[in-house]
Structures are given as structure tokens and as C-alpha cells.
Amino acid sequence: MDTRNTITAITGMALLVLGAQGGIRLLVDHEDAGLLEFLPGGFAARLAVYLVAAVTGAVLAAVATTRAKRNGTTD
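The numbers in this note's numbering rise by one with no breaks, and the one at position 60 of the sequence shown is 55.
Hints are supplied without guarantee of correctness; some may be wrong.
Taking CB as the label site, the calculated pair distances span [unchecked claim]:
no.	residue 1	residue 2	range
1	Thr51	Thr(-2)	32 to 42 Å
2	Val54	Glu26	23 to 33 Å
3	Thr51	His25	16 to 26 Å
Since the hints were made in silico from the structure, they are not lab data.
Quick reminder that beta carbons are idealized off the backbone N, C-alpha and C, glycines included.
Modelling step: build the complete structure from the supplied sequences, incorporating the hints.
The following block contains the structure:
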């Protein structure tokens, strides 16, 4: 992988982990908002932001992997 694909993959994986972990924690304990404690809108808004972060992370990681495979730079 070149540097740009590596950074994109790492960013995507980090967003995926943070979004999934935050969403699961929020589903288990509605009062524990984690990183999004400051966000107004309550449970639904916080869950939506965690979901968007997880999906965005998955897409970024997939794009980086696809680009690396296309360029023949995977190990």
C-alpha cells in the first residue's frame, strides 16, 4: 500500500471501531453517550452519529483496500 491508501485504511478502521463500539455501548446503556455526551438530541441523534461513523469507516477501509489491490500494492 502506498502512504495515501495506508492513511485512508487506518482512518477508516478507526472510525469503524469508534462508531461500532460507541453504538453498542449506547444500545446497552442509553445514558452512557461516550464521546458524544455533548451532542444535543438525545439517544436517537447519538445513535445516528455512531452509525454514520461506523458506515463511513467501513467504506473508507474498503476503498483503500480496493485501490491497493487495483494498484497491485498489497502484501
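Status of the given 16 to 26 Å range, CB of histidine 25 versus CB of threonine 51: holds (23 Å)
Hint check for threonine -2 and threonine 51 - Cβ pair distance inside 32 to 42 Å: 21 Å Cβ-Cβ, so the 32 to 42 Å window is violated.
Range hint compliance [Cβ, valine 54 to glutamate 26, 23 to 33 Å]: Roughly 30 Å apart at Cβ, these two residues keep to the hinted range, so it holds.
Checked against the numbered hints given earlier, the structure breaks only hint 1 and satisfies all the rest.
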